[in-house]
Each structure stands twice: as C-alpha cells, then as structure tokens.
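Number of protein chains: 2
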Amino acid sequence: MGKEEFVKEITNIDDDCVQWYTDVVRKAELADYTDTKGCIAIRPYGYAIWENIQKYTDQKFKEVGVTNFYMPILIPESMLQKEKDHVEGFAPEVAWVTMGGEDKLQERLCIRPTSETIISTMYSKWVKSWRDLPILGNQWCNVLRWEKETRPFLRSREFLWQEGHTVHETAKEAEERTKMMLNIYSDVIEKLLAIPVLKGRKTPKEQFAGADSTYTVETMTYDGRALQAGTSHYFGQNFTKPFEIKFQNREGKEEYAYQTSWGISTRLIGALIMAHGDNRGLKLPPKVAPIQAVIVPIAQHKEGVLEKVTSIYNNLNKNYRMKLDDRDNYSTGFKYNDWEMRGVPVRIEIGPRDLENNQAVLVRRDNGEKEIVELSNLNERLGTLLEEIQNSMFNECLKRMEEKTTIAYTLDEMLESLEKNQGFIKTMWCGDVACEDKVKEVTGAHSRCMPFEQEQLADICPVCGKKATKMVIWGRQY
Amino acid sequence: MGKEEFVKEITNIDDDCVQWYTDVVRKAELADYTDTKGCIAIRPYGYAIWENIQKYTDQKFKEVGVTNFYMPILIPESMLQKEKDHVEGFAPEVAWVTMGGEDKLQERLCIRPTSETIISTMYSKWVKSWRDLPILGNQWCNVLRWEKETRPFLRSREFLWQEGHTVHETAKEAEERTKMMLNIYSDVIEKLLAIPVLKGRKTPKEQFAGADSTYTVETMTYDGRALQAGTSHYFGQNFTKPFEIKFQNREGKEEYAYQTSWGISTRLIGALIMAHGDNRGLKLPPKVAPIQAVIVPIAQHKEGVLEKVTSIYNNLNKNYRMKLDDRDNYSTGFKYNDWEMRGVPVRIEIGPRDLENNQAVLVRRDNGEKEIVELSNLNERLGTLLEEIQNSMFNECLKRMEEKTTIAYTLDEMLESLEKNQGFIKTMWCGDVACEDKVKEVTGAHSRCMPFEQEQLADICPVCGKKATKMVIWGRQY
Chain A
13 MGKEEFVKEI TNIDDDCVQW YTDVVRKAEL ADYTDTKGCI AIRPYGYAIW
63 ENIQKYTDQK FKEVGVTNFY MPILIPESML QKEKDHVEGF APEVAWVTMG
113 GEDKLQERLC IRPTSETIIS TMYSKWVKSW RDLPILGNQW CNVLRWEKET
163 RPFLRSREFL WQEGHTVHET AKEAEERTKM MLNIYSDVIE KLLAIPVLKG
213 RKTPKEQFAG ADSTYTVETM TYDGRALQAG TSHYFGQNFT KPFEIKFQNR
263 EGKEEYAYQT SWGISTRLIG ALIMAHGDNR GLKLPPKVAP IQAVIVPIAQ
313 HKEGVLEKVT SIYNNLNKNY RMKLDDRDNY STGFKYNDWE MRGVPVRIEI
363 GPRDLENNQA VLVRRDNGEK EIVELSNLNE RLGTLLEEIQ NSMFNECLKR
413 MEEKTTIAYT LDEMLESLEK NQGFIKTMWC GDVACEDKVK EVTGAHSRCM
463 PFEQEQLADI CPVCGKKATK MVIWGRQY
Chain B
13 MGKEEFVKEI TNIDDDCVQW YTDVVRKAEL ADYTDTKGCI AIRPYGYAIW
63 ENIQKYTDQK FKEVGVTNFY MPILIPESML QKEKDHVEGF APEVAWVTMG
113 GEDKLQERLC IRPTSETIIS TMYSKWVKSW RDLPILGNQW CNVLRWEKET
163 RPFLRSREFL WQEGHTVHET AKEAEERTKM MLNIYSDVIE KLLAIPVLKG
213 RKTPKEQFAG ADSTYTVETM TYDGRALQAG TSHYFGQNFT KPFEIKFQNR
263 EGKEEYAYQT SWGISTRLIG ALIMAHGDNR GLKLPPKVAP IQAVIVPIAQ
313 HKEGVLEKVT SIYNNLNKNY RMKLDDRDNY STGFKYNDWE MRGVPVRIEI
363 GPRDLENNQA VLVRRDNGEK EIVELSNLNE RLGTLLEEIQ NSMFNECLKR
413 MEEKTTIAYT LDEMLESLEK NQGFIKTMWC GDVACEDKVK EVTGAHSRCM
463 PFEQEQLADI CPVCGKKATK MVIWGRQY
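Keeping their order, the protein sequence lines are chains A and B.
The working numbering numbers the first residue of the first sequence as 13 and each following residue consecutively.
The working numbering numbers the first residue of the second sequence as 13 and each following residue consecutively.
Hints in this document: simulated from the structure, not taken from any laboratory.
For glycine and all other residues, C-beta sits at the position ideal for the given N, C-alpha and C.
Certain hints may be false.
Short, incomplete list of chain A residues facing chain B, as computed with Cβ under 10 Å [as the list claims (entries may be wrong)]: (1) E41; (2) A53; (3) Y59; (4) W62; (5) E63; (6) N80; (7) I85; (8) A103; (9) M111; (10) L172.
From the derived model, a few chain A residues whose C-beta atoms are all more than 12 Å from chain B [to be verified]: (11) K258; (12) K265; (13) A311; (14) M353.
Subject to a maximum C-alpha distance of 20 Å in a straight line, what follows is the list of computed SDA-like cross-link-like pairs (lysine to any residue) [as the list claims (entries may be wrong)]: (15) K67(A) <-> P302(B); (16) K253(A) <-> D47(B); (17) K74(A) <-> Q174(A); (18) K94(B) <-> Q249(B); (19) K438(B) <-> D424(B); (20) K49(A) <-> Q93(B); (21) K335(A) <-> N80(B); (22) K140(B) <-> D44(A); (23) K67(B) <-> E63(A); (24) K160(A) <-> D115(B); (25) K140(A) <-> D340(B); (26) K67(B) <-> F73(A); (27) K335(A) <-> L148(B); (28) K258(B) <-> D224(B); (29) K94(A) <-> G113(B); (30) K253(B) <-> A221(B); (31) K432(A) <-> D235(A); (32) K49(B) <-> R120(A); (33) K67(A) <-> E63(B); (34) K67(B) <-> A60(A).
Sequences and hints are given; from them, build the entire structure.
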C-alpha cells in the first residue's frame, strides 16, 4: 500500500474540515463511537493527551492553593431547583435516574451537568467563620448534558472536565480568583497546546446560567470557526443566598459569601485537533504529545541495526516520551504515514548507512523539514528541536487567527467576511440583546466575548445605529 | 478546651469500632454525608489520600504496559444482558436512567456498576488479529451500585475505582496477567498502605458474576473483621464469546480471545482507617499521608520564632510533604490533638528554647515516642524516621493479623473463635457450597478465600465430615 493510498483515507481538510476532523479522530485512534448514543470512547492515545493536560493544569491549580475533592454525581431534583436561572438553563438537558435496582425512586436524581448546587450545599455545612475562607475546591470528573447534536470531544453527551468552585469573604477576592483561573486556562492553552486565545467577558446572553459574569477563552479552528475553550464564572451571592453559605465576618456579623466556578474539559482535545493538523492528519505540539519522537529503523533486519537503534532509543527515552517502531510486518513508508497521521512531532530515521556515519535523520511533522544530526548530538538537538516546533506551531496558529480576524462596520460586512473565511469579526455593540439576536439571525455568528483589550472602532452599533461603547468579537461555532 | 475534652469527641475504638470509624471519617475531614442518599462527599484530605494511591498504582500499571482510556458511564440495557451470570449478579443493584431532558428514553440506560459489557463491545471492534493483542486497558472512574446499607468509603452507592480490562491470545497469558495485577494490588496495600494482605482464590460462591475464577487480597480491620480490598478476575471466554471478541490467530484461524478484569477502589481508604488508628484518631502511614510531618511552633508570637521555623519548614518541604501550623487562634494543645486526629505521622515541635539549642522535638504519631534532633540533622533524621514508622505500622498490623488468625476443626470452634476476637479462621473444606452456606448461617462468616499458601490441617470438612483437600479462610465482614 503506497503513501498516496493511505493519505486518501482522510477527507481533504480544505474541502470539508468537519469530515476531516471525524476521520482524524478515528484514524489516529483518539476516540471511537459507542452504542451509547452521543457518547464516545476515549481511546488510549486520546486519553494520554488528556492525562498530559490534567497533569499540567492540576500542578498550576495546586500552585494557587486549589485542592481536589469528589462530590456525588447524582443530584436530587429539589436541590437543582434552588437557583432559578440555573435550573432553567440546565434542566432541559439533564439525564434523570428514576429507578434504583427494582424500585422507583421517590425523588428523581439528575446526573450532574455541573455541580454548583451540590457543592454549594456542602460548602454551606463547612463554612462558619471568615477563618474557613477561602475554600478553593476542584474536582476532575465526568458530567452529562443531553445534547441533541454531538461531535467527538467538541460536544459529547458525557465528557470529562474539571470544575473548580471557590467561596470568598469579599466580592473583590472572588472576582480576582475568577480572572486568576482564566489566566491559568490561557496559559494551558497557549503554552501547552500551542493555541493562541482570545480572552474576554461573555455578553449577558451567553453567560453561564446563574452567573453575574462569565469570562472566556476562545480559540479558532483551522477553518476559522470559534470554540469556547474554557470559562470562569463570578456568581456574586447568587448561589450563596439560596444555599445559605453564610459566615461570621471579621466584625462578628453574619454575611453571605462570594462565589466562583471555572472549568475546562476534554473539548480541549477537539480544539487541539482543529487548531493544528493538515492533510496528513493530526499535528501535536511536543509538550502535550503522548509520543514526542518516534524512531523508525531502516532495514531493521540487517545485523546490528535494531540493537544499536534500541540503545539510542533507551538513551533518548530517559529525557523524552519516545516510541521505537520495530514492527516487522509494515513497510517503512507505512510507518511514516502512520506516525504522521498520529501527529508525532519528530520522526527519527536511522538505517545502516546512518549508523556507519554516526548520524540520524530528523523529520519535523509540522513542516516536513529534514535535518541530519550526529548521534553524539542527538539528545541535545532533539530537545531544542521540540521547543522550536512548539513555538513554530503556536506562531502558525497565531498568524492564522490574526489573518482571520476582521473589522466590520455593518451587518453586510459581517456576513461577507464570514462567508469569505469565517473567522473572528470585531464590531462595536450598543449592549442591546436584540441587536445580538439580530446578528445571530442574519450571520449565524454568536458573540464570542467583549475582549479585555477593547478598541474604539466606531461610535455606533452596526445593527441599530445607536451609540456603542463596547467592542464585541463574533464568530460561528461548532 | 483541654486535651481530654477534645479526645472525648470520638467513640472509644474498643467499645464500638464502627462508631469510632464514622467519627474519625468526619472529625478528620476525610468525608461527609450528602443529601444524595448513600453517597458521600470525599473532602480534600480524604481525596489527597486517593490521589497518592492513584499515583503509586498508575505508575505500577504503566510499568507493566497498561494504558488508560475512558468509556461511557451509561450502558444500554440490552448490552448489560448479553452475559447471563453477569446481568443476574448486577441488574438488581443498578441505577436506571429513563429520561433524557424532557423525553422518555426508548431503551433504559444503566449507570455502570462495572464496565465489562461496554468495554467488551469496544474491544470486539478493535481486535482483528493476534497482532492487536494483548489489549491492556484501564480506566479510573466512578461507578454506582444501589446498595441498601452504606458506610463511608467501605460501601457507598457511588465510589471511585480503577477497572482494568485485558484481552489475550492464550488462556495462559490471561491467567498470568490476572495474578500479575493481584500482585500489584498486594504491593500497593502492603508497601504504600502498610497493611498486610491475605492472598488467594475466591470460592465459586464468592466469585465475580461472570468470572471463571476470582483472586482476592483481603485485609483485616482493627477489630478483626475482614475486608475485600482488591480483586482480579479471569474470565476465560465467558465474555469474548457473547461479545464476539475474535481474532485471527498465528495459524490464520479465527479464535475467541481470553479476558481478565481487576479493580481497587476508594474502599482502600476505609481499609486504611480501619487497619491503623486508635483513640486519638487516624494514623496514616508516611508513604500515603497527604501531610508527612507537621511543624507546630511553640510561642510563635515571640520575636524571630515564626521566621526561623518558616525557614526550617521551607527546607523540609523540598523533600517531604510538610505543613506549618501557624494558626494564631488555637492553642498548642489543640493543634497537637488536631493533627493527631488527622493521623499526621510526625509532629515537629520548635520553640524559642529549641531554637537556642539548635534542636527540634520529633513526636511519632504511631507510638507517641519523642526524640530531640539537632537542626543540622533534621532533614536526614525525618527521612529515616518516616521509614521506621512505615515499617513499624506494617509490623504492628501483621502482628495483629497473625494473632487474630486461628485454626478451627469444628463449626463450634469457628463460632467460639469469632465470638472471642473475630479474626480469620482457617479450616479445611470439602468444596461443597452447602457447607459454605452452613458456615455463613451458623457463624455469620463468609469464606474470604482459598489462600495460595495451602496447609493440610486435617482430612475432613468441619461441616459435613467428608473428605476435604482445600484450606479456606473465613471471616466476618463489614
């Protein structure tokens, strides 16, 4: 089977990015469909990416005082109903447990779509004095939302995530925490996943159900669509009042606490695939790649080759996440394609002639560049090369995001720009939800956020022509 | 508030070990009850123990080639029913999802009580040739079993665990894997948790629903009860046939694969509490303790004390999991009690006089022994002391297990021994389930296992008097 035939097995990314995405998810063995409708099986290669994201993020959380816990997955219906906006937002998309064994339950239990209610119930038991604050809790867990349309990683009925929930003495401290956690998310996405983010505050329409304000990090896909990659919410006292999270403050008076929550999920794996990748398949940034470099021995049946290559592998494996592909039932060409499909950042080719010359050939997955490296220098060069690739992949994405970010002054310009290359559209906005709805109706784009970095592009709202002081960024989403 | 008063707050362990257990779980802030019946909230201190167990175990898994994945939590009813024994064993204790949003589901979905069925369904898609084998998969996840009586950690409706699922070319390889994983469990429990285990094979009556054989590691509680701490199952082709996990073997013929599964859970935290501990609260072995040593400054308001102690803390914290208790609203005595309750292995007391003499006082949680250590030697001595404590706690447990393991030749002797000090009872057994049922009926003890280390204690079964060639160990359980 030749290279061409293999490559044909995935859809052309420029013809149909969505089908390309699905093909890559399955060919690279990141996930598979299951008989449970709308739920995927995350396969070991995909899960290893999630493990790397978890490890990096959890470390960042711990550095800012967050501790992990675990709360029940089942929430009694009456508990879910305590905060009005929250239940309205989530009730239509929860799964209900109505039977335990043979018995019908007296009260239905929902599978958590998110855990504000049950966590607030527990916090109200644990918080008595200002000395008990802040509580900086988090859990890594599964959640379920009964979505109608699903797509692997990007929108799955069940997904894995972390949800952080904090309670504070003051509004100021809580608001600072909201932004602190958002900054950790942008660090994870930019530094680990090599994807630039757009940061800002959601419009009230796009806020989390029950929040006072929602902050977001948004990424852009290969074809210019927007993805909400992580959110951080400031609740004020919206939950602490109905759930009675009260404390005795420093003046000895009883007061309701201030609350936040924030989350990222396995959707980041979808963002990763959609941000990097080409017609040869997945491209993984070295820092998050389960395999950072693969060694493909050439003519491995020849005497001494496999032995020497194995010794090189063992050495490199001390410092990098390595794979030695010594399968004897596949051609070298097949192996090249296979590892390219899986997005391994560097391929190292070593054959009898290379060994004679004390060298190896390094091939970059991101741009195909080859270089010959002396074996004595291989360990060091691989390290710098991986860093170069990480940076280069980020810059590549940043360039695309900048190219696909345009300014519009009218609805027609917005539509035209979106039809041409999707992307992020910057406009002014009057703040009226009717105008936001109109944009959605005419262009199919949602507001992504009001970016932290505001610009005064014009004086009027492109929809109603009234005075506008806020800049909003819009985009169509998956 | 004096020491005595504080200590009074938990039940005496020798009076009522079960109530002592519940008191410790709550006072040490390991877990709390929730409004979801039968489900607990695992608090940060308890969850940190689980994180340490996970980290140690996951590393051991990866060393023997296991990779992690994630499968859906919801299993369609028809899928659960494919293996007859399995569904009979689990159907009575599963929770059923019957509604998604507003809609009644066409087919009920159960929340996984364990995942053999859904994982076998996926494996049947992924296995084609002997070259695809073995598959060595595992997931860390939550499961739910609709238990009638629950107890924090030991038997909770929802619990966290890992479930490993492997498929192999040959029965021999699968059986070896079953025992390999059991050995990892005994390593985790003995080396990390400092609890000696009894290893053996379950009687057919006590086997996992659908298994050909179940191997177990059993531990003993403070009061001599038995706890099943981990199990490893060999399935033969019981699941691979109905789920059609077939492969082309090395001779080119189609064959059904051989399968295993194995699991440990947050129940281990219950085993840990129940194995170690006394009237002052929890005792944690250093290797699994979230905090290995706590520094309590004496007269911390005196000039220079807190500054110097903080510098000592910072130094030790590079090598050990440390806590500095500089709370200014509690007395030293309260702090001593508090950390003893939480089972921190070593307390380090440092006051102005200690600083003058360049020394610190180290107090062991396990036996209360004190020693004075020069500050220059503190880092090194803490390391050896933690090791000594780890070993000493294991030996203490081993001694108790040996003391509470007796031999019986008649049902009366079994009953007498159990009434006296619970414990493990060794007897011969004819192999007949009727005799096993009789033992249960008369003594309340279940068979724990047929130990790998068999002894020929007698020639006849203590129940029926017929020929007996197997030795069984029995015990009452929580």
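Looking at the structure, which of the earlier hints fail to hold? Every hint satisfied by this model.
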